[in-house]
Every structure is written in C-alpha cells, then in structure tokens.
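Chains as they are written, first to last, in the working numbering: chain L, 131 to 423; chain B, 119 to 549; chain Y, 3 to 317.
For the record, the hints were derived by calculation from the structure and aren't laboratory data.
Check the hints yourself; a few may be wrong.
Output of the computed footprint for chain L on chain B, the stretches with three or more beta carbons under 8 Å from beta carbons of chain L [what the hints assert, rightly or not]: (1) 173 to 187; (2) 336 to 344; (3) 366 to 378; (4) 390 to 399.
All residues carry an ideal CB built from backbone N, CA and C; glycine is no exception.
Here's the letter readout for the chains.
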Amino acid sequence: MDFGPFLLLATMEGLVMAAVLALTAVGLSLVFGVMRVVNVAHGEFFMLGAVLAWFVTASVPGPPALGFAAALVVCPLIVGGIAALADRAILKRLDYDPEATIVATIGLLYIFQQAALSLYGPDARPVQAPFDWRLQFPWFGYSGYKLAVVAAAALLLLGVRQLLVRSRIGLVMRATQYDRETATAFGIDVDRVYALVFALGAALAAVAAVLIVPIQQAHYLMGGDPLLLSFIVVIIGGLGSLRGTVLAAVLIGLSDGIVSVFFSPTLAKILATLLVALVLVFRPQGLFGQRAA
Amino acid sequence: MKDIPITRTPSRRGLLKGIAAGTGTLAAAGAFPGFIQAQSSEPIRLGFQLHRTGIGAAYGRWYERTAQAALQVLNDAGGINGRPVEILFEDDGTDPKRGAEVVEKLATQGRCDAVFGALFSNVVVGSAPRAGELRIPYLVCSEGHHVASGITNRWTLQPGITDVKSQVQAMAPWVAANLGKKVTMVFPDYAFGYDHRDFFTAAMEAQGGEVVELIAIPPTETSFTRHLPRIPSETEVLYHVMVGPAVLTFVKELGEFYGTGDHPEIFGFIDSLEAVDIAGPGLEFLEGTHFWEGHPRCLQPGASEHETFYRAAVGVDDNGASVSDAREVSTYAHMFSAWETLFVIKAGMEAAGYQGPDDRQAFVEAIEAMTEMPLSREHPQGDKVFNGRTHQVFGHQHISKVAEGRLEVVHTTSIEDGLYPDEVDYTTQPF
Amino acid sequence: MTGHRGAILGLHLGVIGVLAALYFVLPAYHVSNLARIMVLSVFAMGYNIAFGYTGLLSLGHALFFASGLYATGTLVQLAGWPAGPGLLAGIAGGALAALAVGLLALRTTGVAFMIVTLMFAQAGYLLILYFGPLTRGDEGYVIDRASRVVAGLDLSDDRTRYFAALALFALALLACLALVRSPTGRVLVAMRENAERSRMLGYDPFRYRLIGLVASGLLAGASGAAYGLMFGYVGATFASIQYSILPLLWVLLGGAGTVLGPFLGTLVMFYLVDLSSSVTTAHLMVVGLALLALVLFARKGLLGSLRERALPWLP
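Produce the complete structure using the sequences and hints provided.
Right under this line is the structure:
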C-alpha cells in the first residue's frame with residue numbers, strides 16, 4: 131500500500147486505540163486519583179463487563195442493537211455492585227493499606243478469573259456490534275463501529291468530567307481526593323465516598339468493555355492488557371488529571387499507530403514501549419501532574 | 119530449530135548422561151521401594167498435563183473430554199494388559215514452569231507410569247528435561263516440531279499428531295498449484311510462527327513459489343488492522359496462522375480491511391479459529407477461503423465408521439460443536455491426538471509386557487519399534503506412520519474450503535507428502 | 003536489636019539447617035519442590051531488597067530474572083561456555099540489567115517508577131521474541147544435561163541440585179541479613195522511610211537507590227541463571243509481566259522488609275497452588291480466597307505481622 135493511505139489507516143487505528151485506552155483508563159483514573167490504591171483487579175472488572183455483555187446480548191432477542199443497549203445498562207450496574215461489595219468486605223477492612231490492597235486485589239483477580247472460566251468458559255466469544263456499517267476507502271475498508279467507539283469515548287469522558295466538576299458528588303469526591311482528613315472533618319462520610327468511587331470506577335470499566343467488546347472478544351483472560359495500559363495512561367497523564375489521561379491516551383495510541391508504519395510489528399511495539407517509558411523518565415510527574423514527592 | 123547453532127558433542131554428553139541416568143535410577147528406587155513390586159492387577163496410572171487454565175484453556179477443556187472418552191472406550195475393552203487404567207489430570211496453567219512441576223507431581227507423587235497430553239510448545243520444551251531426568255515416558259500432543267528437531271530426549275515422544283514441519287510441507291504443493299505462488303505470511307512472533315515461516319518458505323520455494331512478505335505479530339497485540347497494509351499488492355495468497363484469544367479479531371479485521379474489494383486467496387491454519395464458530399458474526403468474510411485441518415471439524419460425506427464412533431464418543435455433533443451446546447465449538451483439528459496417544463500407550467505397554475515403572479524403558483522401546491498405524495477405532499483421524507528414530511508420527515492433512523459456513527474438505531495429502539529427512543536419531547541416545 | 007544478635011543468627015542458620023535436614027525426610031516430590039522454591043525465593047529476596055528495604059515498587063523484575071536466565075542460557079547452550087562461567091555471567095547479567103534500568107528509571111519515584119520498570123521489562127520481553135531465531139521466543143530452548151555441570155557437580159542430579167539450591171539460598175539469605183544490618187542497609191531503609199530527611203543528612207538518594215536496585219537485580223539474575231542450569235529450560239515466559247508480579251506477591255505475602263519473608267511467601271504461594279489444584283478444578287478460586295484470608299489476617303504479610311505483634315527484633 132502507498133505511504134499516504136498507510137499513514138491514514140495507521141492514524142485512524144491510533145485514534146481508535148486512543149479511544150479504547152481513554153475508555154479503559156478513565157475508571158482507574160478515578161479510583162487511583164481518589165483512593166491512591168493500586169487495584170490489580172481493575173482489568174478484571176473490564177473482563178467481567180465484556181463477559182456479561184456476551185450473556186446479555188445472547189439472551190436478549192431481537193436486533194443486536196437492542197441487546198447491546200441492554201448490556202450498556204445492565205453490565206455496569208452488576209459490575210459496580212460487585213465492586214462496592216468488594217470494597218466494603220475487603221478493602222475497607224484493610225484500611226486501604228497500599229501493600230495489603232495489592233495482595234487483596236490479586237486475590238480478587240484470581241477469583242474473578244476462575245468465576246469467568248467456570249461459568250463462561252475458556253473460549254473467546256464474539257459480541258455483535260449494534261450496527262454493521264463499513265466505510266470503504268479506495269485503498270481499504272474500515273469498520274464504522276470503530277469510529278463510533280471514538281465518538282462514544284469522547285461523550286463518556288465529557289460526561290465524567292461534568293460529573294466531577296458540576297455535581298455535588300463530584301465535589302465530594304474531589305474534596306476527598308484533595309485531603310481525606312479535612313473532608314472527614316467537614317462531615318463527609320469518606321467510607322461511603324470510597325465505596326462509591328470504587329464502584330463507579332468498576333462500572334466505567336464495564337461500560338468501556340461493553341463498547342469495546344464488539345471489536346475484540348470476550349475472553350476470561352482479557353483483563354490483563356486493559357489493566358496495564360490504563361495504569362500507563364493514568365500515570366503518564368498525571369495522577370488525578372482527567373485531561374492528562376485523555377492526552378496520554380491520544381499520545382500513546384497515535385505513537386503506537388504511527389510507529390507501526392515505519393517498523394515491523396514487534397520492533398514497532400518495542401520502540402513505542404520505550405518511547406512511553408522515556409516520557410516518564412524525563413517528566414516523572416506525568417504530563418499534567420503536579421510535581422510532588 | 120535449524121536457526122539455533124546447538125553444539126552437539128555426543129561422546130561427552132553420552133558419558134555424562136550415562137552417569138546421570140545411573141544415579142537417577144538409584145534415587146528413584148530408593149524413593150518408593152514398595153512401588154516397584156506393584157501388583158499386576160493394580161490400575162495403570164497415567165498422568166495428563168492439562169491446560170485447564172491459562173491461554174491454552176480452550177484446548178485444554180476439549181483435550182480433557184477427548185481423553186476421558188478414550189479412557190472409557192479403553193477400559194470398556196479391558197484396559198491395558200487386562201489392567202484397568204486411570205488418568206490423573208493436573209493443571210499446568212499453560213505455563214512452562216508449572217508444566218515441569220506438574221510432570222514432577224504426576225511422576226513422583228501421583229506415581230504415574232507415563233505422562234501425556236501437553237499441547238503448547240513452551241510447556242513441552244519446559245517440561246521435557248524434567249521428564250528425561252525422572253525417566254518417565256512423556257508423550258506430547260503438541261504438533262510442534264520440537265520433538266523431531268532433536269532438542270528433547272529419549273523419553274519424549276509425539277506419536278499422536280503430525281508436526282508443523284510435516285504439515286506445511288505436505289500442503290505447500292497444493293497451495294502453489296491451486297491458490298498462487300506469491301505468498302504473504304502473517305504469523306505470531308512465537309516459535310510456533312517461526313516453524314511456519316521457515317518450513318513453509320522452504321516448501322514454497324521447492325514448488326517454484328516465493329514468500330514475498332513476512333509479517334510477525336507480537337503476542338501483546340489486540341488489534342491488527344494497522345499491520346495489514348504491509349501485505350504487498352502482488353500477493354496471490356495470504357497465509358495466516360494465529361493463536362490465542364485475539365485470533366478472532368485478526369480474522370474479522372482482515373474482513374473489514376479487504377471488505378467487498380479484491381483480495382488475495384486466503385489460506386489459514388484452523389489454529390486461528392479453533393473453538394470458534396466459523397458461522398459466527400463478523401466471519402462471513404471467510405466464505406470461500408481455505409484452511410488446514412488436522413482432522414475435519416465438519417463431518418464429511420463418506421467418513422469412516424471410526425470417525426463417527428469417535429465423534430459420538432467424545433460428544434461432538436456433525437458441525438464440530440458439543441452435542442449439549444451448539445455454541446461450544448471443539449478444537450477438533452487437534453484434540454484427536456489425546457485419543458490416539460492413549461491408544462499408542464496401550465499398544466506400547468502391551469507390546470512391552472508392561473508391569474510397572476521398571477518397564478518404562480521397554481515401553482519407550484516398544485513405541486520406537488512402531489511403524490504403521492492403520493485407520494481404526496484407535497486412530498480415527500486416519501492411518502499414520504511412526505518414525506521411531508525421530509519419535510514423531512506422520513499422518514494425512516486436510517485442506518478445507520469454507521462453504522455456507524461449513525468446512526468442506528477439498529484435498530487430503532498423502533503421508534509421503536509430509537516426510538522429511540531425519541534431524542535426530544533418539545534411538546542412539548542412552549536412556 | 004543488638005541484644006537479639008544470637009537469636010537472629012540462630013534463627014536464620016536454623017532455617018538453613020532444617021532445610022538441609024528436610025532432604026533426608028521428605029518424599030521425592032517435596033524435595034524437588036523445595037529446590038525450586040529455594041531458587042525462586044532468591045528472586046523474591048532480590049525483590050525484597052528493592053521493595054521491602056529500599057521502598058522501590060518495581061513491576062519490571064522479570065527483566066532481571068530473565069537477564070540472568072538468558073545470559074547463562076545463551077552462553078552455555080548457544081555459545082558453548084562451561085556452566086560455571088555461564089552462571090557468573092548470568093549473575094552479572096541481572097546486576098547489569100538493573101544498573102541500566104536504574105540509571106534511567108531512578109530519575110522517577112513512586113508510581114512513575116512502577117510504570118517505567120514495567121515498560122522496560124515489557125520491551126525486554128519483546129526483544130526476546132524479536133530475536134526469535136536465536137532465542138526460539140516463547141517456546142524457548144533446553145540446556146543440554148551434559149552442559150549443566152558446575153565445578154564437577156551435575157545439576158540435573160536430584161541430590162546435587164537440592165544442595166546447590168540450598169547453598170545459593172543460604173548465601174543469599176545470609177547476604178541479605180548482612181546487608182540489612184550493615185550501615186548501607188540502614189541507609190536503604192531510611193530512603194524508604196523518608197528520602198528527604200536522608201538527603202539532608204548527606205546521603206544521595208539516587209546513589210543508594212541504585213545500590214539497592216543493583217543488589218536486587220543481582221539476586222534476581224542469580225536466581226534466573228541458577229534456575230536455567232538446574233531445570234534445563236530457558237523461555238520467554240519468564241520475562242513476561244506475570245513474573246514481575248509474582249515476586250511482589252511472594253514478598254508481600256511473606257512480609258516485605260523481613261529477611262525470611264520472601265522465602266516464606268514463595269513457599270506458601272507454591273503450596274497454595276499445588277494443594278488447591280489437587281482438591282478442586284476451580285483452584286484459582288481457592289488461591290484467591292486464601293490470599294484474601296491471609297491478607298485480612300496478616301496485613302503486613304506473615305512475618306511482617308508476626309514482627310508487629312510478637313517478635314519486634316525480627317530482621
């Protein structure tokens with residue numbers, strides 16, 4: 131293929147990847163920003179969302195769009211509920227001790243993976259996109275649904291931003307993030323805020339999974355990649371900065387896409403990985419983070 | 119393996135191995151004195167290294183079912199040498215480290231007479247050294263070229279499934295004659311992919327064809343579209359083989375990429391779509407493309423009685439899915455190896471007059487002496503020829519075309535198509 | 003603390019002695035398991051120096067383990083070196099990899115350090131695949147039995163392997179003990195507790211963190227090199243992210259910042275997987291629940307909590 135169309139395709143793929151990254155990272159950005167705990171099971175909430183999406187779409191009759199819409203509502207509710215439960219039953223009892231939380235969430239990871247393996251099975255199963263629309267360029271075809279994911283990501287991110295900036299609950303979350311002790315002194319029930327944030331983060335991961343699963347597949351081990359990628363995005367962006375998260379997603383997505391034009395796939399992946407690492411080496415606070423100890 | 123310059127010094131190695139083997143026997147005898155004099159009416163215990171979790175789990179589930187079905191048939195017919203047979207299944211997590219530990223567990227704690235069942239080649243290569251040290255027969259169901267390449271040992275055999283080198287060599291002539299001579303290969307950046315790359319390239323050149331581009335995809339990739347423009351426009355055949363949960367994405371994205379426009383002939387390994395419903399959403403694009411199949415997933419007209427018996431015994435319908443759930447598609451092209459390997463174990467043990475672990479060496483020698491394996495209930499995939507020197511079996515391969523969502527066989531290779539010169543002679547190595 | 007010098011030395015020597023005695027008591031299966039656990043716990047001890055004592059949460063230690071594994075494997079199997087020098091090269095490989103990573107990654111701290119090490123390790127894993135013609139990628143290769151002889155000791159023999167593993171383990175354990183009780187070790191702990199204050203006292207945090215990381219990489223590399231020679235296999239799986247998370251888990255389970263914790267964590271995790279898979283096919287569930295129970299009961303890890311509640315002198 132000629133260079134021009136190749137670059138066009140790579141850029142579009144980069145944008146889609148950026149959208150996928152931003153979608154998976156936004157939940158973690160919230161949890162990590164407010165609670166400062168490393169939740170190793172975050173990717174598993176994503177996986178649960180995708181697997182539940184398969185169950186929901188498979189059991190709702192009628193056109194695929196109907197089942198998909200149902201999944202968009204049901205999956206985040208269930209996953210959010212599970213997360214709230216996990217927070218109350220486990221993380222709270224550990225006082226969110228950073229080290230203990232890592233072990234506990236690794237434990238949760240095993241439990242969720244086993245549950246998915248036993249109840250859903252080891253296969254990768256496709257979930258049909260709500261619409262089947264293809265864009266045919268002179269040089270290649272492209273999935274219309276992938277472009278819809280970019281739009282959905284933008285909408286969802288705007289929604290989260292509005293929630294954080296405009297609503298009372300957003301204010302409470304930001305207050306808790308800023309200073310936990312003072313928030314408590316002002317009568318904020320920090321425990322409830324944490325449970326809410328943890329549930330909301332998991333629900334956002336599930337929404338992302340439902341949106342993304344038609345372009346990937348539901349599989350019980352699919353949580354690993356979103357976990358790592360969303361950590362990378364959140365930290366490159368700068369802790370607690372939604373704007374940074376989005377910008378980091380675009381940076382990583384585009385560089386990954388465009389580097390692949392010039393190098394063979396594995397070499398491209400190595401270079402893109404090192405590039406991202408070097409961004410942090412020379413800007414340890416992330417793109418939009420404040421310098422802090 | 120031809121890429122690795124392995125230094126072989128038979129004399130030194132042989133000497134040291136002899137010493138090691140001697141001390142190993144003493145240690146083994148000391149560890150379970152009571153076991154050596156096992157009663158001949160006791161069950162024969164076989165260990166199964168199972169990919170129950172990890173990325174091989176989709177295969178593992180069907181390997182377990184196939185082995186269970188074969189075990190039932192075996193025991194109903196009187197077991198081995200009149201002794202009943204038990205199989206101990208142990209999960210290796212599709213991980214080479216745990217794989218070696220599982221061989222250990224089955225051999226020493228499980229007191230198994232032999233271990234079989236591993237599919238993923240990293241598990242096989244990671245476990246084979248320990249099996250050799252423990253002097254336990256290790257029969258793999260992997261289709262990797264590792265055993266026949268000579269990197270394993272006398273105790274490691276692959277008598278149930280043809281290796282990749284033979285598969286691709288057997289099919290290249292048909293691909294060159296019917297699909298095209300200019301090939302682009304898309305494969306995982308895995309050793310499994312390198313075998314395809316090296317052996318198919320060589321086989322194509324022997325047919326006067328050429329491989330115009332090689333696209334190796336790293337396993338961390340979850341989206342593939344951006345690598346597809348690398349496919350040169352002169353490509354006549356696109357050859358794809360992928361493994362792991364993202365394979366379906368790859369095939370779907372290929373369909374989106376080419377869309378309704380012209381596309382090269384497409385020849386894939388069914389590994390890309392094992393345990394996946396080929397008539398599922400997004401795969402319409404596969405209509406008219408070709409696949410390698412070790413064992414035809416869809417029941418073919420004129421199939422042998424052994425084929426129908428095997429299918430019913432394992433619980434697979436005419437489309438290759440579970441009889442209890444049509445959405446649950448089997449790993450049909452590979453899982454026959456678990457069945458056939460169990461019956462090779464039976465034949466080997468009976469030929470060796472196997473009584474207990476003392477006879478393990480005789481058991482391996484009995485398998486090495488095997489040659490023809492006729493189409494039968496024991497070998498439902500078809501007749502095979504075993505090469506005792508390389509510890510590798512050779513069988514027929516199938517090329518199928520997707521027609522109305524079904525895989526229809528259009529060509530079956532002969533066993534001779536897949537034969538190649540020996541790369542090792544295990545029979546000259548000490549036990 | 004000085005008052006417990008005898009108890010501390012006795013405890014650690016006692017553990018080594020018990021492990022030596024276990025060879026003669028345990029069934030063959032557990033003997034072999036213990037050999038694996040001892041070698042891998044050296045990896046965990048290395049991780050503990052970086053994480054438990056120096057406060058560096060790395061997600062890239064698989065790179066250091068794999069550096070040792072591949073340096074030794076490449077030199078012994080592919081270049082025909084004798085195993086002894088190959089082993090030393092593997093140990094040096096782990097330390098050098100840690101030095102190279104440290105020089106860049108230690109410009110960062112906290113979560114950024116975590117991600118930078120993760121990315122470097124991921125690049126290392128991909129490099130192994132990229133050089134597939136040499137490394138055979140994920141499938142890996144076998145180190146011939148004849149090549150696995152160090153100073154006349156055949157590491158493929160069960161007894162030799164067990165005591166070689168024990169020797170490595172004992173050496174690493176005593177070295178860790180000596181390090182944490184040395185002035186350098188105290189500075190490392192000070193870095194973990196309060197880097198700013200240590201800086202004001204005149205210690206250069208970068209330099210001490212680098213020392214901690216290189217010592218950590220050295221042990222990880224030694225573990226990888228020994229693992230390759232003792233079990234005869236080299237493969238890319240050991241460079242994957244999973245093998246960066248495992249030592250973290252082992253250390254946290256046993257107790258971060260305790261000398262014996264890494265060994266205990268490795269031991270407990272090994273048998274959690276092994277025993278649960280004998281009991282049920284859904285064994286990941288059992289492992290997960292056990293981890294939750296353990297962490298709820300002993301938040302600072304097994305030995306960390308024991309130290310907090312009963313034995314304050316435990317190093």
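Now for the hints, and whether the structure bears them out:
For the region 173 to 187 of chain B, the stated coverage by chain L holds: 5 residues have a C-beta nearer than 8 Å to a C-beta of that chain, and at least 3 were required. With a threshold of 8 Å between beta carbons, the proposed coverage of the region 336 to 344 of chain B by chain L holds, since 7 of its residues qualify and at least three are required. Counting residues of the region 366 to 378 of chain B whose CB lies closer than 8 Å to any CB of chain L gives 9, so the stated coverage by that chain holds, three being the minimum. Check on the region 390 to 399 of chain B: 4 of its residues sit with their Cβ under 8 Å from a Cβ of chain L, so the three-residue criterion for coverage holds.
When held up to the earlier numbered hints, the structure conflicts with none and fits them all.
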